[in-house]
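S.K.: Listed below, chain by chain, are the residues.
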Amino acid sequence: MRLKILITALALTAGSAFAADEAEKGEYIAQLGDCAACHTAPGGAPFAGGLAIASPFGDIYTTNITPDPQYGIGDYTLEEFDRAVRRGVRKDGANLYPAMPYTSYAKVSDANMAALYAYFMKAVAPVHKPAPASDLRFPFNIRFGMEGWDIVNRPEVGFTPPYDDAQLNRGAYVVEGLGHCGACHSPRNLMQAQEGYTAASDRFLTGGTLGVWPVPDLRGPESAPQRWSDAELVEYLTTGRNAYTAATGEMALVVERSMQHATEADMAAIVAYLKHIGLPAAASDKAAATGAGRSDDTTAMLTAAKPDMPEGARLYLDNCGACHTVSGQGAPRVFPNLVGNSLVLSDNPGGFIEVILKGAMMPSTRRAPAALAMPGFGDRLSDDDVAALASFIRSAWTNDAGKIEAEAVKKIREQL
Amino acid sequence: MARTQKKVDAVIVGLGWVGSVMAMELTAAGLDVVALERGPDRKTVPTFAYPKIADELRYAVRYELMQRPADSTVTIRHNTGQTALPYRRLGSFLPGTGVGGAGAHWNGLLWRPNAEELRLKSWIDERFGADIIPDDMTIQDFGVDYDELEPYFDRFEKIVGVSGKAGNLNGAIMDGGNPFEAPRASDYPMPPLEQTYDAVLFAKAARNLGYHPFPKPAANASQVYTNPYGMQLGPCNYCGFCERFGCLNYSKSSPQTCVLDALYQRPNFEYRTNATVLKVELAPDGKTATGVTYADAKGEEVFQPADLVILAAFQLNNVHLMLLSGIGPPYDPATGAGAVGRNYAYQMTGATSLFFKNIDFNPFVGAGANGVAFADLALSQMDFAKNGFIGGGYQSSQQTNGQPIHHLPLPEGTPAWGAGWKKAVGEHYGHSMDIVLQSTNMPYRDAYLDLDPTYRDPFGRPLLRMTFDWRPNELKQAQFFKEKAAEFGREMGADASTSFYPDGHYDTRVYQSTHTVGGAIMGTDRQTSAINRYLQSWDVHNVFAPGANAFPQNFEYNPTGMIGALTLWAARAIREDYLANPRPLM
Chain A
1 MRLKILITAL ALTAGSAFAA DEAEKGEYIA QLGDCAACHT APGGAPFAGG LAIASPFGDI
61 YTTNITPDPQ YGIGDYTLEE FDRAVRRGVR KDGANLYPAM PYTSYAKVSD ANMAALYAYF
121 MKAVAPVHKP APASDLRFPF NIRFGMEGWD IVNRPEVGFT PPYDDAQLNR GAYVVEGLGH
181 CGACHSPRNL MQAQEGYTAA SDRFLTGGTL GVWPVPDLRG PESAPQRWSD AELVEYLTTG
241 RNAYTAATGE MALVVERSMQ HATEADMAAI VAYLKHIGLP AAASDKAAAT GAGRSDDTTA
301 MLTAAKPDMP EGARLYLDNC GACHTVSGQG APRVFPNLVG NSLVLSDNPG GFIEVILKGA
361 MMPSTRRAPA ALAMPGFGDR LSDDDVAALA SFIRSAWTND AGKIEAEAVK KIREQL
Chain B
1001 MARTQKKVDA VIVGLGWVGS VMAMELTAAG LDVVALERGP DRKTVPTFAY PKIADELRYA
1061 VRYELMQRPA DSTVTIRHNT GQTALPYRRL GSFLPGTGVG GAGAHWNGLL WRPNAEELRL
1121 KSWIDERFGA DIIPDDMTIQ DFGVDYDELE PYFDRFEKIV GVSGKAGNLN GAIMDGGNPF
1181 EAPRASDYPM PPLEQTYDAV LFAKAARNLG YHPFPKPAAN ASQVYTNPYG MQLGPCNYCG
1241 FCERFGCLNY SKSSPQTCVL DALYQRPNFE YRTNATVLKV ELAPDGKTAT GVTYADAKGE
1301 EVFQPADLVI LAAFQLNNVH LMLLSGIGPP YDPATGAGAV GRNYAYQMTG ATSLFFKNID
1361 FNPFVGAGAN GVAFADLALS QMDFAKNGFI GGGYQSSQQT NGQPIHHLPL PEGTPAWGAG
1421 WKKAVGEHYG HSMDIVLQST NMPYRDAYLD LDPTYRDPFG RPLLRMTFDW RPNELKQAQF
1481 FKEKAAEFGR EMGADASTSF YPDGHYDTRV YQSTHTVGGA IMGTDRQTSA INRYLQSWDV
1541 HNVFAPGANA FPQNFEYNPT GMIGALTLWA ARAIREDYLA NPRPLM
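Line order of the protein sequences matches chains A and B. For the first sequence, position 289 (counting from the first letter as 1) is numbered 289 according to the working numbering, and the numbering increases by one without interruption. For the second sequence, position 63 (counting from the first letter as 1) is numbered 1063 according to the working numbering, and the numbering increases by one without interruption.
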């Protein structure tokens, strides 16, 4: 509401209702593109940058993209702005690091670029403060090195609708382009380039890693988009929770800042597209190590609570059972289900261990405002405890994933 | 010289149930709202996070979530002939502080008063004749009827999320509910909680004695629940850390679980913690308030200008602020003139513990509002002439926790220390169940609140002074119910018992109830009430004071349901009538 007032006020001074309209459209583009996810630091002014993005080559700090002429992008023309967003080239000609997903934004339409530009110039408050400089190791701190990277990895600007279906095409535009889902959900090659930029590549959106976190596959038969109903998928993306699980970590921010704002039509398009690009081959799919057919004696053991039960089970009862319950299934939309949970069962247990140590919080959205949180247990449980607990959960009920060693917990703890 | 903040449309004093729900209503009407909370910020995580919160010593014995008497307290005396002394150690009642207020540390019993209790004076006059009321008993009508409030009770129950069973659905008596309750438009939002074994035994005995037992209405979630604000509750796990604690499990309804995250999303809402409101500032003509002055965390004075002031603090603090700010004439018990401070009342409570050598009750399995009650002896069912007192109550089983430091009942006659005590603890822990009483407290001409002439708080303000004692009417009532509880002991074949029912002067050292009420009561006559039927000050029309301070006397049921309904009722009057034309609504 306030934003609209601000936009109107700015537009009136500019004497153009068109500008206000454009800026309002641009606000939505900025939301779908989730610019704030990286360019707004926790507790910082909107779009003033300063968020550290860890990369294998060092920390990259996001830049100030408010319309401040000195420290932001206030002196960018539309053409210069476009070149930065879709080509990854700064006003001064230097190349941006590909932490900026210009390889995805390359698909954004001219009209959307113009609206986005109007939004940043007219409706975002300028912040007269520099963002910290990035801190990459040699030789990665030499930006002209990026030119070679770009020649090899950068897709062409423009979006060719791949389908005969308007909804699927819209979905592809949002997921592959503006929403840059592939930036996290696709694997990366040795050059840290995203593998595949469209569904034509069978590596695209098949999962990746982000720091110590596994990023789930979105295409395999056992992946969430292929298993869940349309409604469950919409609920997850717009509220950060559904009957099975809850968004946490980066995805919670994606939901809060971006996905919850998607129009109903765009959300339907995203879901239709994700359903459409499912892959039959399950070779790479490790999400659901659920050992179908295994008998579940865990619930009975936890209910009986005999003192001689294994240590992991005892730790579970003492720390987790109050919410996740003896069945491991928690309660829909409030306490995530641990049985068949992709974060719990991933080959890369970093995210699971981090949640146990540090806790987790659901996003606060318009449809589901409660920022339900799990406290961290890192100050209470030793590395051995966490390893025993996590190993228990990964093998309890019908879960069937491997043991976790204390050494792995120690490593995650050191990175917190 | 106080610093001045940017003016807002409405300032709310206190961010508990009243403050948070009122803020939702006023921000929805488009107002810019600032809430000032004297205590710290509190969130489920980290403040109530498991396992830190499950600490009996810290929270239930040392009262971590409560008001510190060194910062803020009252003075108390039994009668006008005494010099009041400060309530230096929390005992009989426990005012909360911090975001969530008492709504964070309560048990979660969410009742509605009976229809008769809202027009008590009229009802007694009609039914028994005015002569039955003793001369010094100042019973009044609330000025608002049950039928008018029903939609607001209904709405508040849906916001809070209550587990229970209707007894009277639009006039139809429902099996298993409270058949004596006033008609409700809809059933409780959730089915009743599971019952502990003591409740099963109690219900059986109650039926044998001719009563109609039903599960107590519990703001403890029996299942997952999403309220009209989109806020969510998770199912209660009966951990037994409800009263005096914040809920670690998103299961006990509180401003945190039911309102605040939704409120924090509103761009026209702001709250400041560690902001103690010192005074409501009035315009030179005294007819409107211009805002409030508060002390921030550093003790610096800040003026917050506002067009509307909502007093949403604990009952005692609302009255204190009105007296300190000159909002309405203070009450004088000698002449009966003035209304601010008039009709302070409390809650007559009691408890009987029954001991059974051969039963394991597993007392550590419990929930704040767990248990079964019967309302056959509610005020509306009583014959005052026959009983010899005006009042009523409900009795119930109540297994809320097995915390051994502050709740370790032992049979009467057990040594209070040493080897005998130790042996008794070993024998009896886990083998007792409680029958608790909660009953009415009538108001009296010289039971009131005013400013203390001697003692001051750290800001130099006079403390609030409470003049209160039990009267023969209430003491007789307590003995009546003590005998009813003893009948249960005989019916159930208890091996031994112990009980606590007031039988003399009001003892401030023993916890009894935090249901302090009155002092700025509502009504339709400005001579005998401080606020009108819309909870608006008669004298300063842009000040509203919804809360337990509005109760002219105390009914037997827990106050939160009524407080919530009055908040929504006042909010409707503000939104639909007052804002368009600010003026006295009566």
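It should be emphasised that the hints constitute simulated quantities derived from the structure, not laboratory data. Among these hints, one or two may not hold up.
Here are the simulated DSS-like cross-link-like pairs (lysine-lysine), alpha carbons at most 27 Å apart as the crow flies [said to hold, decoys possible]:
1. B/K1298 <-> B/K1386
2. B/K1204 <-> A/K411
3. B/K1204 <-> B/K1052
4. B/K1204 <-> A/K410
5. B/K1476 <-> B/K1386
6. B/K1006 <-> B/K1279
7. B/K1052 <-> B/K1476
8. B/K1279 <-> B/K1298
9. A/K129 <-> B/K1006
10. A/K306 <-> B/K1476
11. B/K1298 <-> B/K1043
12. B/K1006 <-> B/K1204
13. B/K1043 <-> A/K358
14. A/K358 <-> B/K1052
15. B/K1482 <-> A/K306
In this text the structure is predicted, and so the values were computed from the model without any measurement.
S.K.: All the hints need checking, so say for each whether the structure fits it.
M.R.: Okay, the hints, checked on the actual structure:
1. At most 27 Å may separate the alpha-carbon atoms for a hinted pair to count; B/K1298 and B/K1386 exceed this at roughly 59 Å.
2. Of the pairs offered as hints, the one joining B/K1204 and A/K411 is violated, with about 58 Å between alpha carbons and a cut-off of 27 Å exceeded.
3. About 38 Å separates the Cα atoms of B/K1204 and B/K1052, which puts this hinted pair outside 27 Å; it is violated.
4. Under the criterion of a C-alpha separation no larger than 27 Å, the hint pairing B/K1204 with A/K410 is inconsistent with the structure, at around 56 Å.
5. Restraint check for B/K1476 and B/K1386: satisfied, since their Cα atoms lie roughly 12 Å apart, inside the 27 Å limit.
6. The suggested pairing of B/K1006 with B/K1279 holds, with an alpha-carbon distance near 18 Å, which does not exceed 27 Å.
7. The suggested pairing of B/K1052 with B/K1476 is violated, with an alpha-carbon distance near 43 Å, which exceeds 27 Å.
8. Distance hint between B/K1279 and B/K1298 is fulfilled; the C-alpha atoms sit about 17 Å from each other, no more than 27 Å.
9. Distance restraint check for A/K129 and B/K1006: the Cα-Cα separation of roughly 26 Å lies within the 27 Å cut-off, and the hinted pair is therefore satisfied.
10. Taking the CA atoms of A/K306 and B/K1476, the gap is near 51 Å; set against the 27 Å cutoff, the hint is violated.
11. Straight-line distance between C-alpha atoms of B/K1298 and B/K1043 comes to about 22 Å, which keeps the hinted pair within the 27 Å bound.
12. In summary, the hint linking B/K1006 to B/K1204 is not supported, as the alpha carbons are separated by about 61 Å, beyond the 27 Å threshold.
13. Only pairs whose Cα atoms come within 27 Å are accepted, and B/K1043 paired with A/K358 is accepted, the gap being roughly 16 Å.
14. With a CA separation close to 15 Å, the supplied pair A/K358 and B/K1052 stays within the 27 Å bound.
15. For the hint pairing B/K1482 with A/K306, the CA-to-CA distance comes to about 42 Å; that exceeds 27 Å, so the pair is violated.
When the structure is compared with the earlier hints, violations turn up for hints 1, 2, 3, 4, 7, 10, 12, 15 and for no others.
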